[in-house]
Amino acid sequence: MLLIPCPYCGPRSELEFKHAGEAHITREPQVADDQAWGEFLYTRTNPKGIIAERWRHTSGCGRFFNCLRDTVSDNILATYKSGEPRPSLETSGEPSR
Amino acid sequence: MSGALRLPRGGRIDRNQPVRFTFDGRGYDGFVGDTLASALLSHGVHLLGRSFKYHRPRGILAAGAEEPNALVTVDRGGGRWTPNLRATQVELYEGLVAKSQNRWPSLAFDVGAVNSLVSPMLGAGFYYKTFMGPRFVKGAKLWADLFEPAIRRAAGLGEASRDPDPDHYATRFAHCEVLVVGSGPAGLAAATSAAQSGARVILCDENPVFGGSLADDNHAVIDGMAADAWAAATIEALAARPNVTLLPRTQAFGYYNHNLIGLNQRLTDHLAQPDHRAPRERLWQVRAKHVVLATGAIERPLVFPDNDRPGIMLASAGRTFLNRFGVKPGTRVVVATAHDSAYRAALDLAAAGVQIVRIVDLRESSEGALSVAAERAGLPIMRGATIVGTSGTTRVRGVRIGRVSGRHVTDLESLACDLVLMCGGWTPSVHLFSQSRGKLAYDEGSNSFLPGTPAQDQVSIGACAGTFGLAQILRDGHRAGHAVIKMAVEDRDFAVVGDDESTGAGFIGATPHDRDPTQVKAFVDFQNDVTAKDIALATREGFRSIEHIKRYTTTGMATDQGKTSNMNALGIASAELGRSVPSIGLTTFRQPYTPVTFGSFAGLSRDALFDPVRETAIHGWAAAHGARFEDVGLWKRAWFFSRAGEDMHAAVNRECQITRERAGLFDASTLGKIEVVGPDAAEFLNRLYTNSWTKLGVGKCRYGLMLNEAGFIMDDGVVGRIATDRFHVTTTTGGAPRVMAHMEDYLQTEFPDLKVWLTSTTEQWAVIAVQGPRAREMLAPLVDGLDISAETMPHMSLQVGTFQGVPMRLFRVSFTGELGFEVNVPADYGRAAWEALWAEGRKFDAVAYGTEAMHVMRAEKGYIIVGQDTDGTVTPDDAGMAWAVGKTKPDFVGKRSLGRPDLVAPNRKQIVGLMTDDPRTVLEEGAQIVGDPTPARGTHALGHVTSSYFSAVLGRSIAMAVVEGGRGRMGETLYIPMPSGSISAKIVKPVFYDLEGVRLNG
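Protein chains in written order, with the UniProt record's numbering: chain A, 1 to 97; chain B, 1 to 1002.
Pulled out of the complex, with its shape left as it was, chain B reads as follows (with noise of 0.2 Å):
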């Protein structure tokens, strides 16, 4: 069974294909080619939603994109649920499941429409005036607690999903010589034009079938054919030929810096069973040598009091409902218009068998042709008249018209009706355009904004630009898809039989009308219930420029972006306040067009895809022996092992504990590692560190400070030298790629002259650092017999050998303040010599530690961690280290700075060593530290503290800080105020563990 107001024939839905559906639980049907709004009208159902702010029952006002009111609910089943949707691009299929939105308990029945009673009450500035005021009066938390959020759950769209988006997105680049936006005549006319020229050409459309505006056109013939099939046979001919991308159900949302355009593929949402394994969306990022924007033209609506009701909308979309879908829209029509372009949509409506009952035009007179067409036809036409008013509730049931005077209307007169057609002429739609930062020129004679000078490799044609008639939009169509390639023009004339030539004229702004203008609500803007005089008060308060209007009354701010209102509302405010439409300015058209899922933004980049992560050789070992991991950059790093029944600082202690004691092995192949290479190797360093590098011996290591051009130290780590013209680097773990950039940019920019090359090789070495007084009885026999004695090989030394047969660098290295060892194999190696490794700790008990532990360790000994006790602000002798700079060096970067006022300032912040009166008390790091113990509020603070332990070895607790003059405080007490009490702490050295460091030289 097909919905009663289905005509007999025509149409392009296939009707070898019925499906059923349902709309808030009641069931339907309709054809494959329906639309949920198509389908629905068949059946005569109009009430769709209910406003936002308002809760008036609503209907369906357009047929395509640009539709405001119709906004439902899709419910897949398991997750998939899509709000939000306009039910004039939804797709039928067998089963679909949509709901209406924003209604309680009912879209018949809505208690939020007793918002229409406290109407004066939500007028414009609404939430400016309410949510920000009462704040300063007394009571104003049981205002925001209560009410606000109430009000605000009352203005709403559908809701959003709760569950995780089932689907999956694809994303794909591409590259084409012509991108043509839109299928309607004019880029079907491009389209053909350039592939003709052999150019890549990419064609999308926003609807599941191209032809735009001919699938709606049952009378106009091209070379002989009737438009739809004029449309199919160069569809055909395009889809044919190997240059030609066709992209249906594809909206272009966005269009960027340099011809970018951001395409929104849909795939899967009109099938009735989807492969769940194939992508729902894809997002197209095209790069396009030429764009043809060929987007057409949004009707608008007439603002005339009461224009709101279901059963009033576009005059051009009664006519796509009938000619596209086979569907009468209304029985009994009244047609108000200021534009010629509806008396098409009545002789169709007429042809079809609609009763019409009145075609009310605003104009005194109209000589177009369709006018006089539609007189001829003997459709009764009202001329300097307009609809004053409309009444029916969930439907509309009549309208009252009269002639217009003036600012008056008289004569009024009532007309019974249930479907009322509406045009104020069109609006090119120049949204891409204007997002592409092309300027748009005011045309004063068809009351719109039309394209100006491109500001990118691109040209806008038929309707979008202004132009309306068939032939002249064709011949402009054929010349544009050549031009745009720079070929040779040649002009190609269409044959073209009823063409309903036009301008974008018409009327915008308010109609007149004989009522209190206080009490009638014409409505403006649909989606977002704004109404002509919300902009008029608007006005009165003050406002002058669009812009502000626009956020003031909220008009054009909804989910449609203003597509059939933006005009209407400059027109009011220009008659408010007596000023041209230009004057007022434009609102800036943004991305996206039309909504856009977030799941087509993210693409695959979710869940594990979402980032990379980074694993050592050794992380499966770790896993495996009880490891909880902490996220350091991208890394997962051993944070501690956890033994059965220990906590976290059980295990911190004991890792601690036995290293000291025994033995401890540390994955340390997260460090940075640069090789860096080439005869002016040590030079190079030597510009890059504080430290100089010319006399460090082979086989020797040093600690290298690197400090940015500010003077402020940016990075550390243990540089050893292989050759003379080889050093190892290492770096911080999360500095690793800062500063691998930063020393190629001195290399290629500052220094090209040094003959150096800089290799990442982090990857490439996996490092194990072996450290306690017993690591070297762990290590001596794996070593293949490399002499590894405190004579042969001492602190800060490096041997380069093999491990087990493996090529092996070692280093004599330590953060812990233990005699240390750190072996470097080839990372496919790193799981087995650590495990070799484990194998000999394993014989006195030896512990593996993870990264709280080695940072314990290293707080002990007082060694600092870039980025944690320093913070960009940090100069080598605020942190003690004046001793790692090479003061005879002639230049190396940030060496200039440090002789700034403010770098050698005196009571700058140094670091200093605290340890807390109570041993038990542990600081919170980055607590503030005074000289108060009761701090009155807004005390100057002279440090903070960056590091704090238990230290298990020392059984006390542990601090790092920076302190206003420091290293001239020892012994100082000072104070850090916590909500519980201010803590005493007294400032002792950054060290705490083997003062003298004899441990390291064992």
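The following block holds chain A by itself, in its conformation from the complex (with noise of 0.2 Å):
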């Protein structure tokens, strides 16, 4: 069971969060074309190494953020508030666990 860094609340259990997808997936209900569309709803990068995700302290503030994890070793490597770009990772400082 992974440890989560809420940014509002810190470190809790993941029994307290909900997944919420991949992060960073920006919605332009504008776009003309099907295809991109289509894109924008189904289809995810599910990588072997760091995602950027999407979880809600369901149990906790009730809020959603957003968590760079490796999907090898499971490490959190950063979590952010919603809206704030996406860290580097030289600059993100020490992996929390």
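In case anyone wonders, no lab produced these hints; they're calculated from the structure. These figures come from a predicted structure and were not determined experimentally. Incorrect hints may have been included.
[As the list claims (entries may be wrong)] Distance ranges between label pairs, derived from CB positions:
{"id": "1", "chain 1": "A", "residue 1": "L41", "chain 2": "B", "residue 2": "P164", "range": "26 to 32 Å"}
{"id": "2", "chain 1": "A", "residue 1": "Y8", "chain 2": "B", "residue 2": "A240", "range": "38 to 44 Å"}
{"id": "3", "chain 1": "B", "residue 1": "R383", "chain 2": "A", "residue 2": "L89", "range": "54 to 60 Å"}
[Unchecked claim] Using 30 Å as the maximum straight-line C-alpha spacing, the simulated BS3-like pairs for lysine-lysine come out as follows:
{"id": "4", "chain 1": "A", "residue 1": "K18", "chain 2": "B", "residue 2": "K755"}
{"id": "5", "chain 1": "B", "residue 1": "K989", "chain 2": "A", "residue 2": "K81"}
{"id": "6", "chain 1": "B", "residue 1": "K700", "chain 2": "B", "residue 2": "K989"}
{"id": "7", "chain 1": "B", "residue 1": "K636", "chain 2": "A", "residue 2": "K18"}
{"id": "8", "chain 1": "B", "residue 1": "K755", "chain 2": "A", "residue 2": "K81"}
{"id": "9", "chain 1": "B", "residue 1": "K889", "chain 2": "B", "residue 2": "K700"}
{"id": "10", "chain 1": "B", "residue 1": "K755", "chain 2": "B", "residue 2": "K695"}
C-beta: ideal position from N, C-alpha, C; glycine also.
Once you've looked at the hints, go ahead and assemble the two chains, each given alone in its own frame, into the complex.
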């Protein structure tokens, strides 16, 4: 079970969170191309390695936030608030576990 | 009376507390501090079980958690029946009742042993070859029905109790800076040095008494104290510290992400008279900042022919029984070894008066201090030799030994004995390290896999890291205790006298012998009856990876997970394939380390506490008035109200008829309710619902349709505007949490610019639907003078007022097609409001109706239920609700998707009504619909029935369905094929009652 550092509440057990899919998927409803919209709806990267994903602290503050997680080791490299840019890992400091 | 083989003194047992117990109905005695295994050995009882597949007599191999053979069932009565316990871990208490397993009619005479005679049929891959093959030939059914169950029954472990578990179990979460797993010398030293820093330390050990290998040691002296006295003093000092938690009888069974360790603490199984109000076990979920693994090592058996007879055990186990329990495991012993540590066992046994018949050392030479000491003590040692066979049935009676010469064995000799101790060397217990995803590295010199770089904040010390000298272990432990908490390391040297320094080396694989390799059984995996020749056969049949060999032969797949067998299996595969051990791989170590009871995992989550039960404020009234309830999510909803002699059908018919004729009351409290508040509330709803809300006046309601981003209907409900900046949103009963999360998601991440606050009010409001032509008459006397006339309060309006003095939000809405109101009052007043309305209704015999009548009445009007008539692929247009979509709105969730080619394609499935030609026939919900009355197999289905009821008001059946191009098929006859033949039905509009909708406006 992961230990997830909520950017609002600090480290909490995974039990308190719900996963909410990949992060930084931009919603652009004005897009004309059906193919592009279809990819927005259904295509995700599913990488082996570092993924930016969304979590919600459902049993805590209720906030959605973003998280960089290594899908191989499950180590969480950074968490940050929704709307903030994806941090570059060189500057994100000590990996948190 | 104590067992004849009990030493007059010594051992960590309490000789002042004798206890009596039974094994297979026969009485024995022992002492508090004994295990079932040690007590039985003190009476010379070695036969404890029958093997899994061949039903061979089996004894005690080990002295701890790794025991593969001696599995027993402990029966405490009253459903307290636990199978498959290792006799080496069952603590003795007064009145213990233990039974052997997998034998019939008795342990000494077991009919299943006939399996040994047909053993050539039961080799590697037996299950695959026999259970899969014959299915494809004639008569396969006979095989599957008759033979397979018989074979499966014959191969088995203990039986589970058929009664519910009467015990209860506790769960605990804990945090600490340092968790130390294992209380041997390494663990004790680490816990002590970590505790001295003030860190919170948890020390756990599977055994009842801390000390690990020190409890077996009569020899070493640490800092001037005997090893076990040093251990006792160290434990006492730890126990006195407020920052240290000691957990004996606690198995660390699983290592999970981010340093979460699962511990299973056994609390009452060792007690003669446990208080049954106390939990039997406690599951600890420990989140540790640092973990110190001091899990020790497990001795390997030697794989020689017939190495499984009762009386053949690991050398260290023999020493443990002698030193820890004061029991001589035999009187005349042959020691077979490939490692120096067995000499210590031989020396201890000799000192206790056990005759050492011969020490047979596989190695040509050994200059270790222990073998020198054994030689000096005059023990008969034969080097470069091995055991090639054993005799005896329920107890070993003798061995044949010989000199190893290449792959052959010469100079054979027979020796009589009643005990064989064997030692192939030591396998570090890297299970938890491996579970933590640390990579293992193979160490050629010691024939073992050792912890490599840890994947988590953790360190392995002592024998589990391949360190075997006591002084070194203590030094490493002390250092680790400091290092993990990043304290400056101050090395400490422990003064150790009598340190049996050694390595984990030794031998892996099968030992050489002179016998027909196709005939002998040299066991590798004792619990799953896998022999050396099974593994050799698997390699001949083309298996190369140990993961495949494991599954094909089942080696290492038993409940002991190959603790004693994995390395020998690898050694054999390596020799057969001529490839190095690491190139064959290592099987994955999985949780749990030893079996954990289901009760422990379930904890308090059982019976009434398995899930919360949600009841409305009106539940008690409904229960008292004959309601049958149905589960909707976690809610209990009144399904129908049965009067004396009524079945469900009659009750539902009555409820529908009287509601339409006069009036009915319905508990709608479970509807999801969300208060949407803020200056941008209307704009927020504009973006979350298809409808437009800007122009909805205060005091008005509107039916809202919610789509997901893909354009499909996800929820619906009535939304009322309480004020310009305040909306009362309702959702479906089951959809409430999903809708709330959906709204929060968009509010927080897509539209954070909107000033809106969302609050779930589902449980704050009790909701009572008052429906029917006389609904107003029922309600009017109770609303404290509020004008609820049709002129002031038309359909789809709301008023805020009071209900007999209680705050009320009154909606004029209808899910029945009748004149209707929904009374919202604070939940605490729900029952009182209901009873007041009921008293009014009694004046003209109104009814209370349940969810089934609600479903029938809404279907009569063609109102959809999201999740029943829709399934996540239905658009507003498919549902015939294009009118609810605000086409001029620039954006709402799902709008862009509604323009995708697939969503505007012709011939999509649309919601329609169905009328069966025979009005008495009620269709099956979910039944497929086709165009052909006698469809061939594979005929394309045009759609399916989504809702189907008998309508008492109409005197006939009605149904709703989704059908391809349905709205263009009005009047067409389609067919619903059923096992008894096709049912014909006509496509109609999905409105069956009051087609003009005049009743709503009464």
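Okay, the hints, checked on the actual structure:
1. L41/A x P164/B: 26 to 32 Å: violated (48 Å)
2. Y8/A x A240/B: 38 to 44 Å: Distance hint for Y8/A, A240/B holds at roughly 40 Å.
3. R383/B x L89/A: 54 to 60 Å: Holds - the Cβ-Cβ distance for R383/B and L89/A, about 59 Å, lies within 54 to 60 Å.
4. K18/A x K755/B: Between K18/A and K755/B the Cα gap is close to 25 Å, so the pair holds against 30 Å.
5. K989/B x K81/A: Outside the cut-off at roughly 50 Å; violated.
6. K700/B x K989/B: holds (29 Å)
7. K636/B x K18/A: The given pair, whose Cα atoms are some 26 Å apart, holds under the 30 Å limit.
8. K755/B x K81/A: Status holds; Cα separation ~18 Å.
9. K889/B x K700/B: holds (20 Å)
10. K755/B x K695/B: With a Cα-Cα distance of about 19 Å, the restraint between K755/B and K695/B holds, given a limit of 30 Å.
Hints 1 and 5 from the list above are not met by this structure, while the remaining hints are.
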